[in-house]
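With the sequences and hints as input, model every part of the structure.
In order, the protein sequence lines correspond to chains A and R. Under the numbering used here, the letters of the first sequence match residues 1 to 305, in that order. Under the numbering used here, the letters of the second sequence match residues 306 to 598, in that order.
Read the hints as simulated data drawn from the structure, not as lab findings. It is possible that part of the hints are untrue.
[Stated by the list, open to error] Computed cross-link-like contacts, SDA-like style, restricted to lysine to any residue with a CA-CA straight-line distance of at most 25 Å: (1) R/K506 / A/R269; (2) R/K454 / A/F75; (3) A/K222 / A/S105; (4) A/K296 / R/I429; (5) R/K424 / A/L29; (6) A/K238 / R/L532; (7) A/K296 / A/I194; (8) R/K506 / A/Q13; (9) A/K296 / R/M431; (10) A/K238 / A/Q71; (11) R/K424 / A/F36; (12) A/K222 / R/I429; (13) A/K57 / R/L455; (14) A/K238 / A/Y66; (15) R/K454 / A/I39; (16) R/K454 / A/I33; (17) A/K296 / A/G88; (18) A/K238 / A/F75; (19) R/K506 / A/G88; (20) R/K454 / A/N49; (21) R/K454 / A/I194; (22) R/K454 / A/R269; (23) R/K420 / A/L29; (24) R/K420 / R/L532; (25) R/K424 / A/I194; (26) A/K57 / R/K454; (27) R/K506 / A/L18; (28) R/K420 / R/M437.
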Amino acid sequence: MNRKYPKKARTLQQSQDLWGRLFVLPAVLFFSIFNFYPILNALWTSLFNRRILSFAKPDFIGLQNYIFLLQSGSFWNSVRATLVFTAGTFLSLLALSLLVAGLLSRISRGSRFLQTAYYTPAVLSSVVAATIWLLIFDPRGIANQFINTLMNTPGVDHRWFSHPVRVQIATMVVYFWKYIGYFVIVVLAGMASIPKTIYEAATIDGANGWQQYWRITFPLLKPTVVLVSIMSMLQCLKTFSTQYLFTQSGAPLAPINVITLNIYNTGIRDHRIGRASAMSIILLIIMMVFTYIQFKTSKTDEVSY
Amino acid sequence: MKTMQHLTHLPWKELPRRYGAGALGLLIMGSLLVITVLPLIFMVTASIMPSGEIMRMPYPWIPSELAFRNYYRALAGHDESFIFVRNIMNSLIVSSSVTVTTVILGALTGYSLAKFQYKGRIVIFMMIMATMMIPFETIMIPLYMVATKLGMQNSYAGLILPFMLNAFGVFMMRQYYSTFPGEFLDAARVDGMGEIAIFGKIILPNTGPAIATLAILAFRSQWDTLLWPLLIAQSHEMKTIPVYIVQFAAERTADYGAMMAVATIASVPMFVLFITLSRYFTGGAAVFSARKG
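Below you can see the structure in the form of structure tokens.
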């Protein structure tokens with residue numbers, strides 16, 4: 001750039017900078033007040049024995065809250081419930097979205113319709129989704145009827161809510177049902193970005209459909225897979241609505257007492273905000289670790305076409 | 306009619322080849338279709354079915370009579386107060402406000418971060434992106450205490466303020482504006498157009514698709530939010546739809562018809578949006594996968 005009037009240009013640049021800063025200011029204020037301040041506050045509060053309704057000055061107890069949690073069976077149960085839920089939901093979502101997207105990309109008609117149909121549950125809110133499945137998993141509901149017809153066991157109640165393992169499966173089903181269509185579409189978008197010429201070359205070399213899927217689509221899809229994995233894992237770690245609605249409607253708490261539900265009950269119901277804050281910081285650390293691992297594994301071998 | 310005949314005369318062995326997927330593939334896709342769609346049909350049919358029929362085995366699917374009383378009980382609630390109508394209004398007000406602020410602030414911030422050269426903009430962008438990792442559950446208790454101190458319980462301000470903007474909105478808008486030709490802006494500046502006018506008259510009107518995608522995303526996620534309203538809206542008047550549903554399900558577990566009527570009512574705005582603007586619903590996915598470019 002060779003400006004004719006360097007002095008004037010500089011003031012123009014300065015006024016530009018000023019406008020840019022002015023435009024970003026609302027966002028800086030917003031994120032400071034509603035994200036950075038609360039996270040620092042949570043970190044600070046987690047070092048105190050603090051209760052919401054207490055007028056007594058909160059005691060500084062250092063890492064006691066963390067030590068308590070790490071020795072508490074209820075907290076480890078929540079970690080277990082969260083990880084089981086995340087693993088179960090994430091693996092089934094990943095496996096099925098890869099499989100179904102692979103199939104959809106091959107069919108010559110009806111793909112658009114199926115995508116829309118699969119996606120429709122995602123339109124509903126989480127609470128509505130959980131309410132529908134609450135009735136489906138009722139002892140007299142469709143889930144029992146369906147399983148009984150399939151396995152030829154008439155009249156058996158599979159206890160979707162009272163059985164400690166099946167109530168966990170029930171929460172996973174709700175999540176899977178709501179998000180499968182979304183993940184199918186994300187994976188399909190990833191597949192569409194793989195150049196057609198690779199497939200043409202493979203066809204000429206005599207590779208069949210499955211070989212093409214496993215040897216071309218699957219490896220080249222890695223960026224999409226990593227993306228889907230991060231998204232679904234981070235979503236699953238934060239699950240709350242389904243578990244909350246189920247326990248409110250009579251399901252046992254222990255098997256599905258995920259970390260978020262535990263934070264809510266400890267902080268809001270029992271007013272132990274110091275301990276709840278410590279728990280929320282641990283949740284944050286878990287999520288950061290997951291994100292870090294995901295990015296690390298995705299960086300090791302980038303795909304280029 | 307002709308196509309139907311055409312289908313029935315089709316030998317089943319031919320079908321897989323015709324559609325380019327194996328029989329097993331068709332079975333998998335078909336099963337997933339049944340699993341995704343049947344619960345929706347269940348919701349709608351049960352909402353107009355007499356409550357006694359819903360738990361009949363096997364489930365009848367077609368109601369023997371149309372029980373629109375379900376909808377009356379859903380709207381009226383157990384104390385006939387029609388508080389649900391107010392709660393629907395609350396959800397509409399809160400979700401619309403959040404949508405408007407997210408779009409405007411997201412566009413303003415994204416524009417600033419993409420098209421200006423001031424020092425510190427990259428740090429600001431990184432800091433904003435970092436907030437994506439913070440789960441709401443981690444900051445909800447400090448936020449709750451702040452909101453209580455400011456007297457924001459049971460107010461629209463309390464429901465709306467913490468969600469006015471989010472990192473993803475900034476990210477999306479910045480991506481969008483980074484490909485926006487800077488020559489237009491320079492030309493406008495040469496013509497003596499003010500910076501605010503440039504944003505309002507050139508930038509915003511040329512952000513159509515991105516705005517639509519972000520707006521849908523913001524509206525949906527707000528419509529879905531349960532945790533924060535659960536904390537901040539303690540009075541019945543200020544509750545939003547998800548909070549009402551949880552409470553309704555817990556209080557009247559036996560009234561299945563009304564429960565599904567509540568669920569259907571809560572879903573109507575989303576279905577209307579989905580049918581009219583479906584391409585923007587999946588737009589978020591496209592944004593994500595386009596990042597590789």
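Holds or violated: R/K506 with A/L18, Cα cutoff 25 Å? 20 Å, holds
Does A/F36 lie within 25 Å of R/K424 when you go C-alpha to C-alpha? 21 Å, holds
Between the alpha carbons of R/K454 and A/I33, is the straight-line distance 25 Å or under? 14 Å, holds
Taken at face value, is the distance from the CA of A/R269 to the CA of R/K454 at most 25 Å? 19 Å, holds
Mind checking the alpha carbons of A/K296 and A/I194 for me, to see if they're no more than 25 Å apart? Given pair A/K296, A/I194 holds - Cα atoms ~23 Å apart, limit 25 Å.
Regarding the pair R/K454 and A/N49, is the alpha-carbon distance no greater than 25 Å? Given that 25 Å is the threshold and the Cα spacing comes to 20 Å, the pair holds.
Would the pair R/K454 and A/I194 pass a check requiring their Cα atoms to be no farther apart than 25 Å? It is violated: about 54 Å lies between the C-alpha atoms, which goes past 25 Å.
For the pair supplied as a hint, R/K506 and A/Q13, confirm whether the alpha-carbon distance does not exceed 25 Å. OK: R/K506 and A/Q13 at ~22 Å, within 25 Å.
Is the hinted pair A/K296 and A/G88 satisfied, with a Cα-Cα distance of at most 25 Å? 22 Å, holds
Given the hinted pair R/K454 and A/I39, is their Cα-Cα distance within 25 Å? Holds, at about 17 Å.
Hint check: A/K238 vs A/Y66, CA-CA at most 25 Å. Holds or violated? 20 Å, holds
Do the alpha carbons of A/K296 and R/I429 lie within 25 Å of each other, as the hint requires? 24 Å, holds
Consistency with the previously given hints fails for numbers 1, 2, 12, 19, 21, 24 and 25, ordered from lowest to highest.
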